[in-house]
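J.: Take a look at the letters that make up each chain.
Number of protein chains: 2
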Amino acid sequence: MPPPTPPTPPVRRGRPGRPGHDREAVLAAAVELFTRQGYAATSVDDLARALGVTKSAVYHHVGSKAELLALALDRALTGLEAAVDDTAAAAGSAYSRLHEVVRRSVEVLVAEQPAVTLLLRVHGNSEVERRALARRRGIDERLAGLVRAAAEEGSLRADLDPHLVSRLLFGTVNSLVEWYRPGGPVDAEQLADAVAAMCFDGLAERSDDR
Amino acid sequence: MPPPTPPTPPVRRGRPGRPGHDREAVLAAAVELFTRQGYAATSVDDLARALGVTKSAVYHHVGSKAELLALALDRALTGLEAAVDDTAAAAGSAYSRLHEVVRRSVEVLVAEQPAVTLLLRVHGNSEVERRALARRRGIDERLAGLVRAAAEEGSLRADLDPHLVSRLLFGTVNSLVEWYRPGGPVDAEQLADAVAAMCFDGLAERSDDR
Numbered sequence: 135m136p137p138p139t140p141p142t143p144p145v146r147r148g149r150p151g152r153p154g155h156d157r158e159a160v161l162a163a164a165v166e167l168f169t170r171q172g173y174a175a176t177s178v179d180d181l182a183r184a185l186g187v188t189k190s191a192v193y194h195h196v197g198s199k200a201e202l203l204a205l206a207l208d209r210a211l212t213g214l215e216a217a218v219d220d221t222a223a224a225a226g227s228a229y230s231r232l233h234e235v236v237r238r239s240v241e242v243l244v245a246e247q248p249a250v251t252l253l254l255r256v257h258g259n260s261e262v263e264r265r266a267l268a269r270r271r272g273i274d275e276r277l278a279g280l281v282r283a284a285a286e287e288g289s290l291r292a293d294l295d296p297h298l299v300s301r302l303l304f305g306t307v308n309s310l311v312e313w314y315r316p317g318g319p320v321d322a323e324q325l326a327d328a329v330a331a332m333c334f335d336g337l338a339e340r341s342d343d344r
Numbered sequence: 135m136p137p138p139t140p141p142t143p144p145v146r147r148g149r150p151g152r153p154g155h156d157r158e159a160v161l162a163a164a165v166e167l168f169t170r171q172g173y174a175a176t177s178v179d180d181l182a183r184a185l186g187v188t189k190s191a192v193y194h195h196v197g198s199k200a201e202l203l204a205l206a207l208d209r210a211l212t213g214l215e216a217a218v219d220d221t222a223a224a225a226g227s228a229y230s231r232l233h234e235v236v237r238r239s240v241e242v243l244v245a246e247q248p249a250v251t252l253l254l255r256v257h258g259n260s261e262v263e264r265r266a267l268a269r270r271r272g273i274d275e276r277l278a279g280l281v282r283a284a285a286e287e288g289s290l291r292a293d294l295d296p297h298l299v300s301r302l303l304f305g306t307v308n309s310l311v312e313w314y315r316p317g318g319p320v321d322a323e324q325l326a327d328a329v330a331a332m333c334f335d336g337l338a339e340r341s342d343d344r
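Protein chains in written order, with this note's numbering: chain A, 135 to 344; chain B, 135 to 344.
Quick caveat, the hints were computed from the structure, so don't treat them as lab data.
With the C-beta cut set under 8 Å, the calculated list includes, among others, these residues of chain A facing chain B:
id: 1; residue: 299
id: 2; residue: 312
id: 3; residue: 336
Ideal Cβ placement from N, Cα and C applies to all residues, glycine included.
Pulled out of the complex, with its shape left as it was, chain A reads as follows (with noise of 0.2 Å):
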């Protein structure tokens, strides 16, 4: 028969809270709720009840609707930013760095998909909202040179703009948050090569070494 085990409190990351509902489980509520029925329609009392917590305990571990809204877009770029930092640095064409770029990115939105759902969400409305967007056009900007550079070195078919190349490319990875849900079949490698696989090889099967 083992010892009886002495009782512990559970371990959490973040401040201290009611068991369940520490610091990262209000992130994730709000960011359910901003996305849903979007931030400007959400308020602290929706986000308490939604946790089953008072509208105190919420703001035991936040201190407003605008800093969870800032946590979560700032943790949707700050991945998405890793994925070009490390990339850039990276050494091979620029063809190679665009290919695994577009699959780091997949791999981005699969591990963090709420955060960059709202994201992808944001209009510009507030000052974090401007904030973030003023980020994310800095992560379009230098995707689109990497396209540009990948097209200047000759790897790009070239009957197609760049920055036409360059919309399609993240437009079909931002799509993804629209269908993909992990715990599916299909996981976060899988989809990073498939997405990869019909962007530059395209869908059609061929006779040639691919």
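Put chain B on the given structure of chain A with help from the hints.
T.: Then chain B, alone, in the frame of chain A:
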């Protein structure tokens, strides 16, 4: 000499109304507001304000807010269903029909962008929305069937699951509503060509015959 023509009232579709604020203009304003701020958050008062008319002027053209939603969703769905119907009736391989339905879907999306954008944001919160989602599922199932047929005839690469291919392909088409704006440097036909080129043939430059 032709006989004098009697004065005729201007020809308008729908019920007559204030010039420039006919049923079509009311519908366009409603789609814009529903998409931007959500159907639930939009009142007929908001709509009247956006059009610069009275609420009763709006009700002169439409019976209710729900009727406007139904009209807009029907417009998007009718266009997309026609693309699938026409392609299903066409001769040729499943691959050529799939290629064509992708191109046609892009064209519908450009022609009816506001209505398609609204359709893609509908979540089934009312009977009108649920009926629209059921029609959308019907379209998606027929598109997935065409992808399966193309895979079975051996014209799609064999390393990707047809269900995943269908999601990626039409996710890419749908993602155009997020960034494409008519009137720019790329017209509907060029956009359709570019989407089909990327998805079927891939972005990578190849030395072999495409």
